[in-house]
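Peer 1: Keeping the supplied structure of chain A fixed, place chains B and C upon it in accordance with the hints.
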Amino acid sequence: MTPEPGRDTVRWIDERAGASPALKAALRYVFPEHWSFMLGEIALYAFLVLVGTGTFLAFFFESSTAETTYHGSYAPLAGERMSLAYASTLRLSQDVPGGLLLRQTHHWAALVFIAAIVAHLLRVFFTAAFRKPRDITWAVGVTLLMLAVLEGFAGYSMPDDLLSGMGLAIAYGVAMSLPVVGGNAAFLIWGGEYPGTHDFTTRLLTLHVFILPAAIGLLIAVHLAAVIRTHHTQFRGPGHTERNVVGTPTWPAYALRSLGLLSATAAVLFLLGGLVQINPIWQWGPYEPYLATNGAQPDWFLGWLIGGLRLMPPLEIHFWGLTWVPNPFWGGAAFPLVVFGVLYAIPWLDRRLTRDWARHELLDRRLTRDWARHELLDRPRDNPQRTALGMAFFA
Amino acid sequence: MSPWHVIVAAVLLALRGGRRGPEPEEPVDPRERRVPYSSRAQLLVAVLLVLAGLAGLGFSAIYLVHPGHETQWLGLALGGAFALLAAALIVAGKAVVPQEVAVETRSQLVHEQAEQEVPQLVAEGGEGLTRRRLIAGAAGVAGIGVGAALVTPAASLGPNVGERIDAIPWRRGVRVVDERGRAILADDVPPGTFVTGFPEGASLRDLASPIVIVRLPPSTIHLPEGRSQEEWAPEGLLAYSKICTHAGCAIALYRYPSFRATQQRPALVCPCHYSTFDPARGADVIFGPAGRPLPQLPLQIDPATRELRANGGYSASIGPSWLNANRGGA
Amino acid sequence: MRRVALLLALALIAPGVALAAQPDGRALFQGSCSSCHGLAGRGVRSRGPSLERAGAQAADFYLRTGRMPLANPDDPPVRSHPAFTDAQISALTAYVASLGTGPPIPRVDPTSGDLAAGRRAFTDHCAGCHQVVARGGIVTGAIAPPLQQATPREVAEAVRIGPYLMPRFTRRQIDDGTLNDIVRYVQWTKHPDDRGGWSIGNIGPIPEGMVAWFVGLLALLLVIRLIGERSPR
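Residue numbers (this note's numbering), protein chains in the order written: chain A, 1 to 395; chain B, 1 to 330; chain C, 1 to 233.
Just chain A, same shape as in the assembly (with noise of 0.2 angstroms):
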């Protein structure tokens, strides 16, 4: 046989793997052209400049609340006392080379991570994508989102400074007013009393470093898995039926396309990390819990709860000498546990509202073009995001 490089290589993979099937499947994917189906992608690509970022920040970061008196370049904090945990970042700041441009990239990351994620949901929540077969896709993507903004709040919180120790603080007081167990729940987190104990970081270092990467990933991967094996939906138009896919295969064009957007997300995120200040700790200062500064606000993704936490009325319900329900748990704990119900609940509710048990691959292009329509169907659903993100904007 005349040496072949190209089918010599895969004969190799295949006498190993017999992943050749596998591999012309692949090739030959079909993916539907329309650019908000790539909405998705821009989070995931977001998710590996933040694994990529975070790994070199990780170095650098030292996750312990012992004190040491900052002896650093930065005028305004000479002869503070200080965390390790801050004076760590302020150093990977100021004094590691590129360390200011991996940290705000990382940061900014995370912030356009979490809004690919929302604009993404929007775009399979107004298309009705998430109806069967797609339902559990749905639900795993729910769960992302949810994990996705607990990862940004602990990752936000390690720095110990001022504007997130406030932070943590509310976090605390919501943790206490969950019923009857709030109290213990708290003290378990914190390991004591806020502020907790003196490695409460290397707590929120584990669960930012290892913990919810692992399960963001591995749902990731699981989403992924069930986007390929379900295929991909699309809109209406000719050729398009129930029963075929009508689109560019993954090799060469769509892959390309894709990598160049890989290259795209890494490109803004960089401009951004190096362009646009973000949490400038060395202005906010290191964290006392005595302390506060007006204006403190939480990152984007967590404004609807503060606004939450600031328009409720002040309603405790106590009685017999005890508390059953603190005030922070209406704004803190209820209005989003109901609001990320009412996401689970979606696929479910459609069907009931619809009486559509079918399974769908073709998106109902009315429900986009049409907003007065949908806006009937979906403001009950909606309103709560809505509501509460006007209230996050106006808080």
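Treat the hints as calculated values from the structure; they're not laboratory data. Given the structure is predicted, the values throughout are model-derived calculations rather than measurements. Hints may contain errors.
As the list claims (entries may be wrong) - Under the rule of at most 25 angstroms between Cα atoms (straight-line distance), these lysine to aspartate or glutamate pairs were calculated in the DMTMM-like manner:
hint, chain 1, residue 1, chain 2, residue 2
1, B, Lys94, B, Glu104
2, C, Lys190, A, Asp95
3, A, Lys132, B, Glu112
4, A, Lys24, A, Asp14
5, A, Lys132, A, Glu41
6, B, Lys94, C, Glu229
7, A, Lys24, B, Asp29
8, A, Lys132, A, Asp356
9, B, Lys94, A, Glu41
10, A, Lys24, B, Glu104
11, A, Lys132, B, Glu115
12, A, Lys24, B, Glu100
13, A, Lys132, B, Glu104
14, A, Lys24, B, Glu32
15, C, Lys190, C, Asp114
16, C, Lys190, B, Asp29
17, A, Lys132, A, Glu288
18, C, Lys190, C, Asp124
19, C, Lys190, C, Glu154
20, A, Lys132, B, Glu117
Peer 2: Here is chains B and C on its own, set in the frame of chain A:
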């Protein structure tokens, strides 16, 4: 279903009525394959790739030279490199390689045969299991026991149950000091100012430590039942926990009118969710979401030195509420 | 002869002109302030407080920052263009000082202040209302203004007076050295260390979220519009 649901479903059904079910097979075959054969596009891709490489080298150069405060240049270089790479890939993906519209048939998800066989296979595996109830019960015991064992180590995260913190650092006679440990005197707190105090010798980080001290005209003070001004507010000096009873932020805002006739009354305010407390009325909540007033710390003034000291413990539990929080009889 | 007469006339008029150029603090007060603060500065019920203990310190602050005169006693006094010239302000300040026993204009020397101590003191006492880099903030029912326009003297005056709804800080709590530190820090906040790039207001996550959506995600939306198709094919 409420009338609302009926209307909505009816509207939807009316809209979708004619569109239920799969589309009839269209005679159009959308497949096509077009090769651009563009020399210019390939040249463009090449140029973009080279520029991307140069930008990447630029990034490394700036990094190594380290001129100081170079974050913006590093970002431009690296971001620029990725942007150029992205442009190259997109041009290649849209104008160089073959552009194809393909059709793929969806796989059948339902497999009638296997759906019958799977439960049968599972059931066959249970042949010989005659004492099912016994085994099931025993399995339940194992599940609970081993499952509990897997979860129990999480308890190590928290403090020992017996260590629950009820001790607070304030007791009768403890001196009020500032952040640096210097005593706070009654005359350090004239009307209009607010001072943060701590118990002498205690950790500043303990949530029960920080208090806010203000002075108001005694005639304007109305404390709750059981708190006399002599014991709780000598000379009109009032002390409250600095930790908000809503969610635990520090109460760092004090609103004090310079002319009461046209301006709002004095108030302690929390910057997180704007719980607003009236110090003249036992830190009652006058605005915002806090569910109970700030705990008050009674004060005494040392007759010899005029130093401020605590005259007892707080009137209620400090910080955010929980099940057993002492609400102070309010 | 005619020249001598002209010179004589000028000489007679000159003192009068000079006197007229010297603002009359009392007259200014009667005209612009007494309707709320009373003819002798004793205050008018429900309109304006007594100025007996205001002193040059308060008068200088309120007049230079344009917070006074206030059109309506129920309005919040906000920074605006001063209603009087420097000379008029000096005259008014001297008059108000003469009404009682108020404090003089404080001396302040930011160059002798320590920046780190100032940051610490500002965070302790001021950041709760004015925000940690003095960008201003909100209190229930009022606004704490940003401080980038405040001069060192104005900062020192405000700390000691506690104008409008602001609390006041005496030397027992913030001594003159610490006040210099705070003033030095406030000056620094005009140009904080923004080594991370465009500061988008130095107020934290809200503008950051807007940039993430309206710059970051928007840019990527444009990219995918470029890559993908618009109408389904």
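Peer 1: Against this structure, judge whether each hint is valid.
Peer 2: Against the structure, the hints:
A threshold of 25 angstroms between alpha carbons decides the hint, and for Lys94(B) with Glu104(B) the separation of about 21 angstroms falls inside it, so the pair holds. Between the alpha carbons of Lys190(C) and Asp95(A) the distance comes to roughly 24 angstroms, so the proposed pair stays at or under 25 angstroms and holds. About 18 angstroms separates the Cα atoms of Lys132(A) and Glu112(B), which keeps this hinted pair within 25 angstroms; it holds. Of the supplied pair hints, the one linking Lys24(A) and Asp14(A) holds, its CA atoms being roughly 12 angstroms apart against a limit of 25 angstroms.
With a CA separation close to 22 angstroms, the supplied pair Lys132(A) and Glu41(A) stays within the 25 angstroms bound. For the hint pairing Lys94(B) with Glu229(C), the CA-to-CA distance comes to about 11 angstroms; that is within 25 angstroms, so the pair holds. Pair hint Lys24(A) plus Asp29(B) holds up; C-alpha atoms about 23 angstroms apart against a cutoff of 25 angstroms. Distance check on the hinted pair: Lys132(A) and Asp356(A) sit about 10 angstroms apart at the alpha-carbon level, within 25 angstroms; holds.
Between Lys94(B) and Glu41(A), the direct Cα distance comes to roughly 18 angstroms. Compliance with the 25 angstroms bound is thereby established for this hinted pair. A C-alpha spacing of about 13 angstroms is found between Lys24(A) and Glu104(B), which places the hinted pair at or below 25 angstroms, so the restraint holds. With a C-alpha separation of about 18 angstroms, the suggested pairing of Lys132(A) with Glu115(B) holds against the 25 angstroms cut-off. A threshold of 25 angstroms between alpha carbons decides the hint, and for Lys24(A) with Glu100(B) the separation of about 16 angstroms falls inside it, so the pair holds.
The straight-line distance between the Cα atoms of Lys132(A) and Glu104(B) is roughly 20 angstroms, inside the 25 angstroms bound, and the hint therefore holds. Among the hinted pairs, Lys24(A) with Glu32(B) is consistent with the structure: their alpha-carbon atoms are about 19 angstroms apart, no more than 25 angstroms. Straight-line distance between C-alpha atoms of Lys190(C) and Asp114(C) comes to about 16 angstroms, which keeps the hinted pair within the 25 angstroms bound. A hinted pair counts as satisfied when its Cα atoms are at most 25 angstroms apart, and Lys190(C) with Asp29(B) does not qualify at roughly 66 angstroms.
Of the supplied pair hints, the one linking Lys132(A) and Glu288(A) is violated, its CA atoms being roughly 51 angstroms apart against a limit of 25 angstroms. As the CA atoms of Lys190(C) and Asp124(C) are separated by approximately 19 angstroms, the hinted pair is consistent with the 25 angstroms bound. Between Lys190(C) and Glu154(C) the alpha-carbon distance is near 15 angstroms, which keeps this suggested pair within the 25 angstroms criterion. Proposed proximity of Lys132(A) and Glu117(B) is supported: the alpha carbons are some 24 angstroms apart, at most 25 angstroms.
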